[in-house]
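Trainee: Now for the letters of each chain:
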Amino acid sequence: MSEVLVRCDSVGKVFCRDLRRSLWYGMCDIASELSFWRQSPAHKQSDFRQLRLNEFWANSDVSFELKRGECLGLIGRNGAGKTTLLRLLNGLMKPDTGRIELRGRVGAMIALGAGFSPVLTARENVYVNGSILGLSKQQIDDRFDEIIDFAELDDFVDSPVRTFSSGMHVRLGFAVAAILIQPDVLLLDEVLAVGDAGFRSKCYNAIIAMANQAAVILVSHSMPQIARLSSHVLVMSGGEVKSSTDDVAAGIQAYFGEFPRNTVSAFDGHGAQVRSIAFDDSSSVSPGGESMVSRRHDVVIRVDVELEEPLPQVLFVLSFFDAEQKNIARTEFVTTALPFGRSMIRVRVPQFPITPGSYDVQILVSDASDPNRPRHLARYDQFCQIVVTGTVAEYTCTCPILFDSYQLSNTVEKLE
Amino acid sequence: MTSIFGELWRTRELIWTLFCRDLKEQFRQSVLGYIWLIVPPLVTATAWYLLNRSGVMKIETGEQPVAQFVLVGTTLWSGFSAVITTPMDAIESGKAVFTKLDVPVEAFILAAVGRAGFNLLISSIVLVSVLLGLGVDTKLTFLLFPFAASSVLAMGFTAGMLLAPLGALYTDVRRGVSVLLGLLVFTAPVIFQVPDAGTGLVAIVIRNNPLTPAIALSRDVLLTGSLEWLGGTVFWLAVSLPLFLFSLVMLRISKPHIITRMGV
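Chain order of the listed sequences is P and U. Using this note's numbering, you'd call the opening residue of the first sequence number 1 and step up by one each time. Using this note's numbering, you'd call the opening residue of the second sequence number 1 and step up by one each time.
Don't read these hints as lab results, they were simulated from the structure. Treat the hints with care, since some could be wrong.
As the list claims (entries may be wrong) - In the DSS-like style, the derived pairs of lysine-lysine whose C-alpha atoms are separated by at most 27 Å in a straight line are: (1) K137(P) with K139(U); (2) K202(P) with K67(P); (3) K95(U) with K137(P); (4) K242(P) with K94(P); (5) K137(P) with K202(P); (6) K94(P) with K95(U); (7) K24(U) with K95(U).
All chains, full assembly: derive it from the sequences and hints.
Mentor: So, in structure tokens, the structure goes:
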């Protein structure tokens, strides 16, 4: 169960930015390969390749090994070369440098419902799609009912696919692929969960069932999915492997580091100025910086603030925003009297509850002399970022707050 | 080479499925359905027949009646024109699938060619019925018609396959072929006879056109029973075969390059 199924050895792929030129290069490549065909059928790939005008490395020096039962999470920002690598692995394109070795059947869940003909019925399309995936009519016959059951489309088996909603369409595509292919190497590109909430759990279980028997390469922008499935993470950036690690949490952290620091944006500034903020023992960060926080640790937050007038009490509001700019948590505290000039305020957050990820911190400073009508002194929409770290299990959590619960007893109540 | 044919053999079921899909898809949204296969050749033939009878246009056809002559010619030519662009069109229309999944492109092309062949078959059946209706005394040589007609298709297919890799990269090829077909029709005995001994450029071109023997043979076996062009047909078929095999290899080698340049 542990033979190496996928081996990538310093794989590189070159693309061209200019379409016309790209087509011309394509022609040259075909011509040169045709002329070399007789002499060397294996057409040796060299390890070094000169770039022609307008060319760039879409993938360069990518190496990894994957055994059966393992899952490689491929993460990186858009355009980092993930899909290119997947297409190289799928045998659609040939690498310009390096080698790819694959053992066993390769199955890809990439183009769900590719080749569906809109005017044909679901039944007809299942057969066509299955056939494209390389199955015989007999094999599709045997599993046809299972596919329709899975897609929950019993009533629409003989309706033309173009009357389907996009959700139904992708459900059918998923069902065909998930039920029919039994790959040794499974390639997944953002198709872990499709359809509505109820269908997703089903998708997820189907993928797990396939993944247990195969070496899986998974491309996803959902870090909880990556954390849940992957045994290894490859972070790509600009076509190169930025980080390759068995420590999934560290890999995901590296991915979060890919995003550019947001610049601070301040409003008002009359009356107060926040100089810096520090979480825990890490050094204090000035506006635009980044700080690390360990989840579930007791965190001490230190705020360095400068006031233009002494105030009896000041209200601080810290709000945390996730990557989608959703406000996921907030904490506030009212200080005792603060003097004119700089003060350092320390507050303690027990068991820091936010799940691992990267968050923007918004700071609001108000004069709370009248607690019912706080007057804004300063507001920083993106003062800094905090990166919350935790265990791999905590990375799988899709919601921002995860709190503990403990079993107290185990009594079985009988209902009369 | 063996691996190419091995794979084609393994994908025969896929080819069949795709062929059926195309066939069903073609007329699913139409009331008249398969009648549309018959109408175009009939209309073309009628038009030519009327033109000739009214004397607007005189076509030199020797002793053979005009209607039959033109009918056979245009039927074959429409088959040829369809099949020469088929490989390119099949690659273009199947793009969504084989830029994402590893499937044999050849299967998509063969299925499409199968459909072109099927369309020719239907129109040939119409053709033969019309000929019988027009009172042509059919010779036994008409049994050779399928062979002669397939030869026309085979040559068109070979040409299309040779153009396919280039055509998948540049749309110029597809456009150029469409334009050229309008010109090429005059370099083959489609609507007029093979000139016997002309010295003009056209006459020379026609006599040396690889398509000429096959088209002339198809017509002769139906109308006159002459086997004059059999030798020429077989010769050009023999020339096409290695070219066709070469085109298969070329397609196989070009495929990853084409996909690289096509993008997603």
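Trainee: Compare the structure with each hint and give your call.
Mentor: Going down the list of hints, with the structure as the test:
1. K137(P) with K139(U): violated, 43 Å
2. K202(P) with K67(P): Between K202(P) and K67(P) the Cα gap is close to 25 Å, so the pair holds against 27 Å.
3. K95(U) with K137(P): Given that 27 Å is the threshold and the Cα spacing comes to 24 Å, the pair holds.
4. K242(P) with K94(P): Roughly 22 Å between the alpha carbons, so the hint for K242(P) and K94(P) holds.
5. K137(P) with K202(P): Distance ~26 Å between K137(P) and K202(P) Cα, so the pair holds.
6. K94(P) with K95(U): Between K94(P) and K95(U) the Cα gap is close to 18 Å, so the pair holds against 27 Å.
7. K24(U) with K95(U): holds, 20 Å
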